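Colleague: Chains as they are written, first to last, in my numbering: chain A, 1 to 315; chain B, 1001 to 1273.
It cannot be assumed that every hint is accurate.
Only some residues are given here: those of chain A computed to face chain B with a beta carbon under 7 Å [claimed, not checked]:
#: 1; residue: Thr63
#: 2; residue: Arg85
#: 3; residue: Ala88
#: 4; residue: Val93
#: 5; residue: Ser100
#: 6; residue: Asp104
#: 7; residue: Leu105
#: 8; residue: Asp109
#: 9; residue: Leu113
#: 10; residue: Arg116
#: 11; residue: Ile117
#: 12; residue: Arg119
Take a look, some chain B residues computed to stay more than 12 Å from chain A by CB distance [to be verified]:
#: 13; residue: Leu1049
#: 14; residue: Leu1123
#: 15; residue: Ile1135
#: 16; residue: Val1187
#: 17; residue: Leu1201
#: 18; residue: Leu1245
If you're looking for bench data, these hints aren't it; they were derived computationally from the structure.
Keep in mind that this is a model prediction, so the values were computed, not measured.
No residue lacks a Cβ here, since even glycine has one placed at the ideal position from N, Cα and C.
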Amino acid sequence: MSLIEVRDLSREFTIRKRAGAFRRTSVVKHAVHDLSFDIEAGEMVGYIGPNGAGKSTTIKMLTGILGPSGGSALVAGLEPSRQRRELARRIGVVFGQRTSLWWDLPLRDSYELLRRIYRIPDQTFRRNLEDHVALLDLGDLMDTPVRQLSLGQRMRGDIAAALLHDPEILYLDEPTIGLDVVSKGRLREFLRALNHERGTTLMLTTHDLQDIEALCDRVIVIDHGTAVFDGPLPSLRANGDASRTLVVDLVDEASPIAIEGARVVKVEGPRQWLAFPAGASAAPLVAQVAAAYDVADLSIHEPDIEDVIRKLYAR
Amino acid sequence: MSGPLHPQISLYAAIATRSFRRYSTYTAATLAGIFTNSVFGIILSFAYLALWEQNPSAGGYEADQAVTFVWIGQALLMTVALWSGGSTDDLAERIRTGDIAVDLYRPVSVLGWYLAADLGRGLYHFTTRGVAPAIVGALLFGLVTPSPAGAAGFLVSVVLAVVVSFAVRFLFAASAFWLLDATGPRVLLSVLATFFSGLTLPLNLFPDGLRQVALALPFASYIQTPADIWLGRHTGLDMIAAIGLQVLWAVVLLATCALVLRAATRKVVVQGG
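Given only the sequences and the hints, what does the whole structure look like? Please build it.
Modeller: Okay, structure coming up:
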């Protein structure tokens, strides 16, 4: 049995609109529609899609704060909306835009309350606190009220908070939003280590595709409530008609390079850009170019997954 | 509500303690509040004294009892968070912003959580904004003191006042689940509570009919009931009956809160992504 099993999961909302002075019409919106996927223990899954695609609705159903209107979800063998509190002991949730810490209290007090809420055994609590405080560099901040923390500090504080009770699954909703590059990098490193060392399953929704590139072996793309792609990151690139780019610097300016298997998309002086399918090998192209032209330099650019995903959405 | 009792109690005690500590960090606000309560108390005391000179033993209160009633009202005004300032303000705000989702993700009763926080807050407000203005009132006007039984009954009644007022405020705040914003209901609640708690005028001075209704409403638990116990108007079985009515309201209202919360989490979407 998979850790997370989602079968034909649906959730519709009825939106009432004014139509004239007294009449109202209702429109049924399918936020999530016949969604199915499995996530195994220890996976790191990126869950992405445009705004309003149904990402948050899915997470709400997986954590049990919203019941499904059709289909089923099973998380760690529990039915989330019926066994919300039992499930809550086994999962951790981190929102980039919300905090689970207490605004007026020092971090230490928030952690102390969480210890009681989750009834964390003393030894586990001390070990987790020591580990996470060290790794997330929170040592000097433990006695600072949360309202005085910077966004990055608060985010680290929130992640440590979500992990105190050793959750099997960690849901992260836009965890790097608003963080600077250095903070983002450190956070990703921490999450990777968490997954490798403790086997924590990670499900991540984000608009930051670098999060996905850095963390996720698998990506589920959702649009209009339905999964439009589910697979490893490289095949997402191959899937979206993505092309790789061979950038050629010639010694002298020349007319567009004509070789088989690639086409010139841009010329700028002696530099030319050649697009070729993401699935194809670059080696024969390089050989052809090198045989026919005086080449000063060559480089290959991977497709930007942002482009790939945009193409998927556009379908 | 499963599991052993002890960890539950220690959790709620910890919440109440943190809530107390949270309010105690705002010393300047507390001092300003004490000053305001004292000024209000002085003004109302002089108004009452003028009124009672015209109409001695109005509502069955002697003039010194009426003045004591004023200061009990001022002491309990913040303790029961009559206008605002309770944990239920946080609740309404968290429903509005969608942060309530964080509370719902926790393996703990949301109702129990906010009640514990409000009791911690109530204790802070009672010991500061309750006691300090009352001392001012006692020094300036000389207040009526209760019998030992009256004092004990008063303290029990005040705890129940906080619980009843919490449950009423919780219901009004929870309307934000459906209305998306609870500002309107909160204004309505302030007006009702100001009038029917006894804050402006003891309910015993209300005309027949309205008086009986007002005394039966939960708002009477806020100020009227504890004040009458302090003043010795409820003693013996009568005191037990008065406290019993508070207990009844507390149980009925908290049960309603639990049902409303369940309906809200079933039917209503947590706002925001």
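Colleague: If any of the earlier hints don't hold here, list their numbers in rising order.
Modeller: As far as the earlier hints go, not one is violated by this structure.
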